[in-house]
Structure formats: structure tokens, C-alpha cells
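A.B. asks: Given next are the chains, with one letter for each unit.
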Amino acid sequence: SQKIEQNSEALNIQEGKTATLTCNYTNYSPAYLQWYRQDPGRGPVFLLLIRENEKEKRKERLKVTFDTTLKQSLFHITASQPADSATYLCALTPSSNTGKLIFGQGTTLQVKP
Amino acid sequence: DARVTQTPRDKVTEMGQEVTMRCQPILGHNTVFWYRQTMMQGLELLAYFRNRAPLDDSGMPKDRFSAEMPDATLATLKIQPSEPRDSAVYFCASGLGQGGPLSNEQFFGPGTRLTVL
Numbered sequence: 008s009q010k011i012e013q014n015s016e017a018l019n020i021q022e023g024k025t026a027t028l029t030c031n032y033t034n035y036s037p038a039y040l041q042w043y044r045q046d047p048g049r050g051p052v053f054l055l056l057i058r059e060n061e062k063e064k065r066k067e068r069l070k071v072t073f074d075t076t077l078k079q080s081l082f083h084i085t086a087s088q089p090a091d092s093a094t095y096l097c098a099l100t101p102s103s104n105t106g107k108l109i110f111g112q113g114t115t116l117q118v119k120p
Numbered sequence: 002d003a004r005v006t007q008t009p010r011d012k013v014t015e016m017g018q019e020v021t022m023r024c025q026p027i028l029g030h031n032t033v034f035w036y037r038q039t040m041m042q043g044l045e046l047l048a049y050f051r052n053r054a055p056l057d058d059s060g061m062p063k064d065r066f067s068a069e070m071p072d073a074t075l076a077t078l079k080i081q082p083s084e085p086r087d088s089a090v091y092f093c094a095s096g097l098g099q100g101g102p103l104s105n106e107q108f109f110g111p112g113t114r115l116t117v118l
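Taken in order, these protein sequences are the chains called W and X. The opening residue of the first sequence carries number 8 in the numbering used here; numbering runs sequentially from there. The opening residue of the second sequence carries number 2 in the numbering used here; numbering runs sequentially from there.
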């Protein structure tokens, strides 16, 4: 069956450290993979998109990698801050000609000062 | 700045009642999505439209849910009759959706928190 898996356990790290979140998928060949941030009581907010032929994408303190052989994406936040505390969702686009997204369950990140 | 709006923000109703949720997508976006989020299931796609035409509603219970786009500025999601298991946060999102990476970003509204007693 098709699945997208993110670590359901919360990730707790110290301010200034690098947070690394994992997204694994099975039985998909996604055209794109995206990461969203969701704060309590709010809708998800788009962060980064990476294509199937890209290995890595960066935006300020954020970095995403995409390994289609391992069927895995890693999401890194460097020099983490308490304001980075939120739930992070990965989502994949099953095919390139639709805007449809399939979301993982999300991983909650807590950055402690 | 442009954003997706949803009404109502909160809705408490009794089992068997009809519920209508409304969404105004960002002007110029031609793709609209409806999602449901619960602790158990996470964020699930219910239906989506492109240029007001339904493209996929396979995630939606057909017997009680219906989604429409009466015009380009309004999308509705209706539940009739509502049941306690429908309690969730319902999100609307919009995007450009023409294919290609730039069009795949989705902009989410604040959600409607539905409680069915």
C-alpha cells in the first residue's frame, strides 16, 4: 500500500543545534516533494519544494534533501530557534500534471532555549 | 496581502444537522482543495477543483458530503446529515495548479473547526 511516514514522536532539541526531520514513502514515485510548517490552530504554510531530479534545496536556514532511491526526504533546520517550534509536514505530488498533495502525519519539533 | 479565507472558523452542531463551510480562494488561483485534519488520520484530501470543475473527490464520503464551486471566488463543502465522526478541522487551500513546480505550492486557509455532538 502507499504510505508516507514521518516520525510521530516529537523531536526536542536545544537552541542553536540542527534539527533533522525524516520523511519516508513507499509505493509512490513523486514528481515533487514539499515541506510545510503548521502552528497550533493554523493552516499549514509552504516552506520548500524539491523536484525528483534534485538532490538538495536550500532556503536560508532550511535544507531539504531528496533521495528517490531510498525513497526518503530529510528536512534540516540549522541554528534552530525557539520560534522554529511547530509541526512540520512533508507532502508529495503523485504526478506532475496535477496539483494533488498527499501529506504525512507530521513531526512536532520543540526547540528549547 | 492575499490569503485564503474560510467561514465559519468554528461550528458546533448536533448530529443530523446540515453543515456548510465556505472558502474564498486567493484571487487568480484556479485550483481549490478541501482537506480534513484529525489527530488520528492527519491531513486528508477530500476533493479538489481546477477551473471550478471537480477533478478528484475520491477522498470524500459521497453519501453525506458534497463540494461545489458556484463561482471562482467561492468553494463550499456541505455535510448532510452530520455525524459525530465528522468532527475535525476542515481546511481549504488554493493554488495555481497548472503543473510544474511553481504551481504546486498550496496556500491554506485558517480552517473551520467542526464539532458534531
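Be careful, since some hints might not be right.
With a cut-off of at most 30 Å between alpha-carbon atoms, the simulated DSSO-like pairs for lysine-lysine come out as follows [claimed, not checked]:
#, chain 1, residue 1, chain 2, residue 2
1, W, K119, W, K70
2, W, K62, W, K10
3, X, K63, W, K10
4, W, K66, W, K107
5, X, K79, W, K107
6, W, K24, W, K107
7, W, K107, X, K63
8, W, K107, X, K12
9, X, K79, W, K10
10, W, K64, W, K119
11, W, K64, W, K24
12, W, K119, W, K66
If you are wondering where the hints come from, they were derived from the structure by calculation, not from laboratory data.
A.B. asks: Check each numbered hint from earlier against the structure, then list the numbers of those it violates in ascending order.
C.D. replies: The structure conflicts with hint 6 only, although it agrees with all the remaining ones.
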